[in-house]
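Q: Residue-level listing of the chains:
There are 4 protein chains.
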Amino acid sequence: DRPLVLIAGPCVIENEVATMRCAERLMTICNGVSIPLIFKASYDKANRTSVNSFRGPGMKDGLKILKKVKEALGVPVLSDIHSIEQVEPAAEVLDVVQIPAFLCRQTDLVVAAARSGKVVNIKKGQFLAPWDMENVAGKAVSTGNDNIILTERGVSFGYNNLVSDMRSFPILRKIGYPVVFDATHSVQLPGGLGGSSGGQREFVEYLGRAAVATGIDGIFMEVHDDPEKALCDGPNSVKLEDLPALLKKLKAIDAIVK
Amino acid sequence: DRPLVLIAGPCVIENEVATMRCAERLMTICNGVSIPLIFKASYDKANRTSVNSFRGPGMKDGLKILKKVKEALGVPVLSDIHSIEQVEPAAEVLDVVQIPAFLCRQTDLVVAAARSGKVVNIKKGQFLAPWDMENVAGKAVSTGNDNIILTERGVSFGYNNLVSDMRSFPILRKIGYPVVFDATHSVQLPGGLGGSSGGQREFVEYLGRAAVATGIDGIFMEVHDDPEKALCDGPNSVKLEDLPALLKKLKAIDAIVK
Amino acid sequence: DRPLVLIAGPCVIENEVATMRCAERLMTICNGVSIPLIFKASYDKANRTSVNSFRGPGMKDGLKILKKVKEALGVPVLSDIHSIEQVEPAAEVLDVVQIPAFLCRQTDLVVAAARSGKVVNIKKGQFLAPWDMENVAGKAVSTGNDNIILTERGVSFGYNNLVSDMRSFPILRKIGYPVVFDATHSVQLPGGLGGSSGGQREFVEYLGRAAVATGIDGIFMEVHDDPEKALCDGPNSVKLEDLPALLKKLKAIDAIVK
Amino acid sequence: DRPLVLIAGPCVIENEVATMRCAERLMTICNGVSIPLIFKASYDKANRTSVNSFRGPGMKDGLKILKKVKEALGVPVLSDIHSIEQVEPAAEVLDVVQIPAFLCRQTDLVVAAARSGKVVNIKKGQFLAPWDMENVAGKAVSTGNDNIILTERGVSFGYNNLVSDMRSFPILRKIGYPVVFDATHSVQLPGGLGGSSGGQREFVEYLGRAAVATGIDGIFMEVHDDPEKALCDGPNSVKLEDLPALLKKLKAIDAIVK
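Residue numbers (our numbering), protein chains in the order written: chain H, 1 to 258; chain R, 1 to 258; chain S, 1 to 258; chain X, 1 to 258.
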C-alpha cells in the first residue's frame with residue numbers, strides 16, 4: 001500500500017488568478033506534509049440545483065486555465081466531463097478524467113473516458129451500493145484501460161442527506177482499483193437550502209479521519225481560501241488555512257493503518 | 001382533475017414487429033377500459049447495469065419504429081433521450097420527450113428537451129426528495145415551456161432497494177404539473193441480481209393501486225407479453241394479459257378519489 | 001376478505017369526559033359509514049421524547065375509564081401495555097392488548113400478552129423489515145394464542161423521518177394474520193420538534209387511502225376534536241370532523257380491492 | 001480527553017467457566033496494550049429474533065457470575081437491564097448499568113437506572129438521530145445522576161441493515177457525556193439470517209478504526225474465543241486472538257486524534 005494521495009482544489013474555476021493561486025497554496029501545503037497532490041477544478045457545474053446557479057467558465061476556457069496550472073506548477077490535473085464530446089479535448093489537458101456521480105451509470109460516457117487512455121476517476125452514485133461499482137468499473141475496463149479510481153462520496157440516507165458508510169472502502173478496494181474518499185461532497189445536504197445544496201463543513205475532518213483510518217488510497221477535498229464567498233459548494237468546502245493541520249493528522253493515521 | 005392516463009409499452013424496442021404488436025394490444029386494452037394511452041418504448045438503454053446488457057436498436061432505427069407505431073395506430077409516443085444531440089431528431093417523432101431519472105439534474109439536457117416545445121416527462125432521481133423537483137422543473141420552465149410531467153419512480157432505501165413514498169404525490173402535485181407514478185421501475189431492485197437489476201413484479205399491482213388512491217394524473221408501466229423473455233427489465237415488467245384487470249381496478253379507485 | 005375495521009381514539013386518555021365523548025362521536029361516525037370500530041386510548045405514554053411530556057392518568061385510572069367506555073357504548077377497547085405486570089389487569093378490561101412498536105422485540109412481553117388469551121395487536125418496529133414480523137408473531141403463537149394483529153406504522157428513513165412502504169402490506173398478510181395500517185403514527189416526524197415529535201397530519205388521508213388500496217384488514221388513526229390542543233401527538237392526529245369524509249373514501253376503495 | 005477505554009466480553013454469559021476465562025484473557029490483553037477494561041456480559045437476551053434462541057442463565061445466576069468475575073479480577077462489570085425490577089439487584093453488582101437500544105426511549109426504565117446512582121450506558125436506538133439522544137440523556141439527568149455514557153450502535157439503513165454514521169460521534173459528544181462506539185452490534189444484519197441476525201465480523205476492524213479516528217471515549221466489542229460456536233451474536237463477534245493487534249491500532253489512532 002502506497003501512502004495517501006490528495007485530490008484537491010476549488011469546486012469550480014472561478015477565474016484564472018484565483019485558480020492558480022489556490023493551486024500554488026495547495027502545492028506548498030502538500031510539500032510541507034509530503035503528500036502528493038492532484039489538482040482538481042471543474043470548468044462547468046452541469047448539474048447544479050437551480051438553473052440560475054453559477055456554472056463556471058465552460059470547457060474551452062476552463063481547460064486553458066488548467067493547462068496553465070499544470071505547466072506552471074508541474075502538478076497533475078483532474079476535472080470532470082459531462083458528455084462524450086468533452087472527452088477528447090479534456091484528455092489533451094487532464095491527467096485524470098472524472099465521471100460525475102450522477103453520470104456513473106452512463107455506459108457510453110464511461111467507455112469514452114476510458115478509451116482516452118487517461119486515468120479515469122469514477123465517482124460512485126449516491127444511489128449505488130459499493131459492490132455495484134464492480135459493473136461500473138467493468139464498463140471502463142472493457143476498453144482495455146484499467147487505470148481506474150473509484151471514489152466514494154456518500155449514499156442517499158432519507159431526504160436531503162447523505163451518509164458515508166465506512167464498510168464501503170474495504171468493499172470497493174476488493175474490486176481491485178485505488179479507492180478515494182470525497183470528504184467534502186459527502187457532507188453535502190443535497191438540495192438542503194432549497195435553491196442550492198447545504199453542507200456541513202464541520203464534519204469534513206471527522207469523516208476524513210474516519211475514512212483514512214479504514215485504509216484508503218486517496219482523499220478528495222474541495223477547498224477555498226474563503227468558503228463563504230465561494231461561487232459553488234461553499235458550505236462544504238474546507239478553508240485552505242485549516243488544511244495543513246488536517247493533512248498532518250490524516251498522514252499520521254494513514255501511516256498506522258498501512 | 002382529469003381521469004387517469006396510462007403510459008405503457010415495452011422497456012426497450014426489441015424489434016419492429018414486437019413493438020407494433022405490443023402497441024396494438026395496449027390500444028385494445030385501453031379502449032376496453034376507456035383509459036387514454038401514451039405508448040412508451042426506449043430505443044437505447046444507456047445506463048444498464050453491465051456493459052454487456054442489450055441496449056436496443058439505437059436512436060435512428062428506434063425512432064423509425066416509433067414513428068410507424070404512431071402513424072399506424074394514432075397513439076401519442078414517448079421515449080427517453082440521453083444527450084442534447086438526441087433532442088432534435090427525437091422531437092420530430094415523439095409527443096413526449098422523457099428525461100431519465102439519473103439525468104434529471106443535468107441542466108443542459110433538461111433545458112434542451114424543454115426548448116423542443118414538446119411535453120417533457122422528467123423522472124425524479126432516486127436520490128432526490130419530492131420537493132427537490134421544483135428546481136428541476138424550474139430548469140425546464142426557464143425556457144418558456146411549461147408542458148411538464150413529473151414522474152415518481154421510487155427513492156433509494158438502503159442498498160439495492162427502492163421505496164415508493166406515497167407522500168411524494170401530493171408534494172409533487174403542489175409544484176403545479178401533472179404527476180405520474182412509474183409502477184414498474186419502482187419495484188426494481190437496482191443491481192440486485194449482480195450483473196443486472198432484479199425486480200418484484202408481484203408488487204406492481206399493490207403500488208399502482210396505492211399511488212392511484214392518492215390521486216395522480218397518470219400511471220407508467222412497462223409491459224411485455226412474456227416478461228421472462230424480455231431483453232430488459234423483465235423482472236419488473238407487467239404481463240400484458242394481467243393488465244386489463246389491473247387497469248379496471250385503477251380506474252375504479254381513480255374515480256373515487258377525483 | 002372481510003370489510004375494513006377502524007381502530008381509533010385519542011392518543012392518550014386526557015380525562016374521562018373527553019374520552020367518553022370522543023368514543024361516542026366515533027361510534028356515531030362509524031355507524032354512519034357502517035365501519036366496525038375498536039376504540040383505542042393509551043393510559044400511559046411510556047416512551048415520550050422528553051421526560052417532561054404529559055403521560056396520561058396511569059394504568060389503574062385509565063383502565064377504569066376504558067371499562068366505562070366499553071360498558072356504556074358496547075364498543076371493544078384497545079390499549080397498549082409496557083411491562084409484563086400490566087398484562088393481567090389490562091386483559092381484564094381490554095379486548096385487544098397492544099404491543100408498542102419499540103417493544104415488539106421484547107420476547108417476554110409478547111409472550112405474556114399472548115398468554116392472556118386476548119387478541120394481541122403487535123406494532124411493527126420502525127427498525128424492522130415486514131418479513132421480520134414472522135418471528136415476532138411466532139413468539140406470540142408459541143403460547144397457543146394465534147389471535148394476532150400486525151400493524152405497520154412506518155419504517156425509519158434517514159433521521160427524524162418515517163416512510164410507509166406499501167409493499168409491507170402484502171408481505172405482512174402472507175404471514176397469516178390480519179394487517180392494520182396505523183395512518184397517524186406513520187406521518188410522525190420522530191423527535192422532529194426537538195423536545196417532541198412532529199407530524200404531518202396533511203398526509204394521513206393520502207397514506208390511508210394508499211394503504212387501503214393495497215387491501216388491508218384495518219386502519220388505525222388517532223383522532224381529536226381539537227388536535228392543536230391535544231396533550232400528545234396532536235401534530236399527527238386527525239380532526240374528528242374530517243373523519244366521516246375520509247372513512248367514506250376508504251370504504252369505497254376497500255370495496256373495490258376486496 | 002482521556003485515552004480510549006474498552007468495553008468487551010461475550011454477548012451472553014454461556015456459563016461461569018467460559019465467562020471467567022474470557023474475562024481473564026481480556027484483562028491480559030488490555031494490560032498488554034494499556035487500555036482500561038470494563039467487562040461486559042448479558043445474563044438475559046430479552047429481545048432475540050426468535051422465541052427459540054438461547055437467552056442466557058437469567059438475572060440471578062448471571063449476576064452471581066459477574067460478581068465473581070468482578071471480585072476475582074478487580075475489573076468493573078457492565079450488563080444490560082430490561083425492566084425496572086431488575087435495576088436494584090443489578091445495581092448491587094454492576095458498575096455500569098446498560099439500557100438496551102430498543103428500550104432507550106422507555107422513560108421509566110432510564111429514570112430507574114439513573115436513580116440507582118450507577119453509571120448508566122444508554123445505547124442509541126437504531127431508529128434515532130444522534131441529536132435525539134439529548135432528550136434521552138435528559139431523562140436520566142432529571143434524577144440528578146449525570147454519570148451517563150452514550151453508545152452508538154448503528155442506525156437503520158433500509159431493511160436488515162445498519163449504517164454507522166461517523167457524524168454521530170461529534171454530535172453525541174456535544175451533548176456532554178462520554179461517547180462509545182459499539183463496533184460489533186453495528187455490523188449486525190438485523191434479522192438477516194431469517195431466524196436470527198446475521199453479522200459482518202470482517203468490518204468490525206474497519207468501523208472500529210474509523211470511529212476511533214473521529215475521537216471517541218470508548219469502544220465496545222463483543223468477543224469470543226470461537227465465534228462460530230457462540231450461543232449468541234457469533235457472526236458479529238471478534239475472535240479473541242485477533243483483539244491485541246486491533247487494539248494496538250486503535251490505541252495508536254486514538255493518540256493521534258486526542
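Don't read these hints as lab results, they were simulated from the structure.
Errors might be hidden in some of the hints.
Heads up, the list lumps identical chains together, so a pair's fine if it works in one copy or across two of them.
[What the hints assert, rightly or not] Below, a list of computed lysine-lysine pairs in the DSS-like style, where the Cα atoms sit at most 30 angstroms apart: (1) K229 with K174; (2) K174 with K239; (3) K174 with K248; (4) K251 with K229; (5) K229 with K70; (6) K68 with K229.
Q: So, for every hint listed, does it hold in this structure?
A: Cross-check of the supplied hints:
1. K229 with K174: For K229 and K174, the Cα distance is within 30 angstroms only across copies (28 angstroms; inside one copy 40 angstroms).
2. K174 with K239: Close across copies (22 angstroms), not inside one copy (33 angstroms); limit 30 angstroms.
3. K174 with K248: Cα proximity of K174 and K248: in one copy and across copies (27 angstroms, 24 angstroms).
4. K251 with K229: within (29 angstroms within a copy, 40 angstroms between copies)
5. K229 with K70: Classified as within; 25 angstroms inside a copy, 52 angstroms across copies.
6. K68 with K229: Result: close within a single copy only, 24 angstroms intra versus 55 angstroms inter.
Taken one by one, the earlier hints all hold for this structure without exception.
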